[in-house]
Amino acid sequence: MLLNRLLPFLLVAVVLAIWEAAARSGLWNRLLFPSLVNIFQELVLFFTNSAYLMEAWVSLYRALGGFALAAVVGIFLGMLMGRSKLVAGMLDPFFSGTYAVPKLALFPIFIFVFGIGSLSKVALVFLECLYPIVIMSYAGARSVNRVLLWSAQNMGASRADTLRRVVIPATAPFIFAGFRVAVPVAMIVVVITEMVASADGLGNLVIYSLSSLKTDRMLGGGGHRDPRLPARQSGRPRARPVDILGKARHLLRLRGTP
Amino acid sequence: MALAKASLLIAVLLIWQFAGLPDYVLSPLEIARHFVQALGSAELYEHIGASLARSLPGFAIGSFLGAALGLAAGTARWFDRMLSPAVFLTYPVPKIVMLPIFMLWFGIGDLSKVLIIALACFYPVFINAYYGVKATRTILVWSALNMGATPASVFRRVVLPSAAPMIFAGMRVALALSFIVMFAAEMINARTGLGYLIRIAENSLRFDLMYVSLLSIAILGYAGDRLVRFTHRRLLAWQEQPA
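Taken in sequence, the protein lines are chains B and D.
Once you know that position 92 of the first sequence is 92 in the working numbering, the rest is easy, because the numbers rise by one and skip nothing.
Once you know that position 141 of the second sequence is 141 in the working numbering, the rest is easy, because the numbers rise by one and skip nothing.
Hints may be right or wrong, so weigh each one.
Pulled from the structure, derived: some chain B residues nowhere near chain D, Cβ distances all over 12 Å [to be verified]:
1) Phe47
2) Ala51
3) Trp57
4) Thr162
5) Arg164
6) Pro169
7) Pro173
8) Phe176
Taking beta-carbon pairs under 10 Å as the criterion, some of the chain B residues facing chain D (in silico) [claimed, not checked]:
9) Pro93
10) Pro108
11) Val185
12) Val190
13) Met195
Derived from the structure by calculation, the hints contain no laboratory data.
All C-beta atoms in this analysis are idealised placements derived from N, C-alpha and C, irrespective of residue type, glycine included.
Here chain D stands alone, though its shape is the one from the complex (with noise of 0.2 Å):
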């Protein structure tokens, strides 16, 4: 099995490695070799660190009003009623099309594009949170109710727990939202970040720079991602894993 896995995997590297395409595919050793020389050199960790300081906040503060919009709107009716019709209307609509009204509005820099980050997070950590607490199970709430638990205490201890293995996968979706809309962001309009970057190599047709960023970028994801099941497997190491 460990055999099919890798086979593929190696298959595909060496036909790029030894199939002679065109020169804007780099093959697979000149990729490692420039990703190398780069990370030699100061440049591509300022890169990394301005793209990073859009993404993590407008992560941050898009998760946690998700998170907790979500949770008071599947908890409290009246909010419930209020606030979710505008949310599911809007929820289909490309958040990145505000990018341009953010940047009249919020200034050029980054203020504008963090927000629209957290705006683009909001959505799907919103979403599985409210569908979360829905999905408590009616029962648990009775028990502990019956058992002479506060409302509080039942938020706290039975729907929160119900809830947060959702909200954690929402967080997953918005964490990747998260890089697409940073990365969006930068190539439309940034003098920085990974997303400038790949921009200005494909105007100056320097292929190793594209190649360089677009792995650093990959790799970002792919540890970000990590980062994220790492925590909700701690946290909730309780909870039975699905397989």
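Isolated chain B, as found in the complex (with noise of 0.2 Å):
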């Protein structure tokens, strides 16, 4: 019975034993192989150093901010798609058309659009957030109980009522559904595309810390200090008010664009 209990966790606690052996054999580089120790002490210090934090905060809205926008657009067009014919074979081929392409490639445009700062991630988070989105909503509201319409109907629902009580609630579980899928899409893109042009973000500090080779910073995604150097010099500088009043500047106008 013990043993049922814990083979859960079997395979995890495995794989961290091997990485961890690996780690302190010294037959790799610890570069390559960073110990599991190193690793949670740089996430310790990610949680509670501030500009670190911030880093994620950036990654954070984004991802939510675009998300939040392909919601709200995505469930308007997936159920007007699911109540109307007509909307339905005007945006239908072309949702399905460019499903499989990938909006990625549109970044670099995107750059040039909305700018290289959080514009241009969260326009195109917004974009891959919402074909799932439109795509579970159509199909939840396309397959409503027509018994229940028509019993809402005869009994003298307005088109307003029955969209209330009978289409949304219908439709729900699909809509949770597309956001399911929608949620880690939003935080792919917002890694790779802060990977690819940032100068803030998760993603930006993975890139960084990969070319400065603090492989342990990197997996723990957090700030690392060389204990050989004076505190004041190691690592990256302290995040000052100036910072913040920055990073607050620069959501403020996010949420002034559009």
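Fit chain to chain and form the complex, with the hints in mind.
In structure tokens, the structure reads:
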């Protein structure tokens, strides 16, 4: 019984143990296999250092901003397509035709159109998240049980009532299934765009750590302080109020734009 | 209805063509002209070949492992309890962040890119295969067992066909993902490939080249998707198609 309880953790534990053994064996360079202890230290540093939390926040608001916009527009479009044959006929070929096309390829053009700051990234997240949400809410709105619609109409419900009391509740599970696909997509797109072109965010932090060969920081995503250096010289500069103000301005600009 | 379908597309193209957009947004006719021109030169094919040489093996490895392990985890309980928690835990992690680590481990060349694509493709196929097996109707399994089928033939004749549509759905997602990850990996670090092409085009402000590589990757993605759907329809012709 105990073995049964422990089984889910077994594989994780074995992989972690092999990693730690590989790190300590000295067969590989420590830069390639940083010890788990170091990674964990970096992680703790990450969560206690406001500068790095700021990077995480930047990534998060880009992902969530794009996702939220996509959710609003996507649900609206999907429901509209589900309720109106004409709109579906116009939009469905577009969405199903370009579904498999990697929208990421548009990123360089988005940089020219929206600038290299947050807006181009939010726009790309919006576009990538829009597809699963539209397709799922369309499928949901289309599959509303006819009998329920007829009963509601028969009992004298207005169009608005039918939408609010029948169509939306029936579509909700599909919409949430779309969200479940869209949220990881949002994170992927944010990290990729930050890796390709950005001066902040977690994706940038990973690339920055790679170029400075701080593999433990890369894996932990945190700030590493080299013990051989005096504290003031090592690591990246501390968060100053100026930085945070700059980030705040960044945020406000983003909110003001569309 | 056909008119309604085409009308939006035509309207968008017309506005795009005549709206007087800034330099960096080429008009559809110009893009078509540059694309036809690029098709005549060997350079584009080299980059397309390099990109496909990364994405297709990655997609094949990732979906094969995903399908095999997903079927195994859906069928065998001990395997499920061992593997599934690790897979579902790491599922929402953007796999592309592993690229720098893979580059350190497997070198900066194609191997690290193929492996990162395989990793990204593994997850959707695994999860769909897993749920596909779980969604097998118990009554079918019971009937088969009742009629004296061995566990192996139950798996082959009942569980596998019932999970197949889900696996194909997972492979469709994985194919789209393989192009995204391939493109991202090439933009971050490569000397060949469409992602690289779009990167140097951007750096040298060659907008024509940028749109040509954009269009090629769009066509590749679309063609790949069609291919998966075609195979699906061929292999599972007996299955009721959703409208």
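Hints, verified against the model:
no., hint, result
1, Phe47, "holds (17 Å)"
2, Ala51, "holds (19 Å)"
3, Trp57, "holds (17 Å)"
4, Thr162, "holds (23 Å)"
5, Arg164, "holds (27 Å)"
6, Pro169, "holds (23 Å)"
7, Pro173, "holds (15 Å)"
8, Phe176, "holds (15 Å)"
9, Pro93, "holds (5 Å)"
10, Pro108, "holds (4 Å)"
11, Val185, "holds (9 Å)"
12, Val190, "holds (8 Å)"
13, Met195, "holds (6 Å)"
Hint compliance for this structure: every hint is met.
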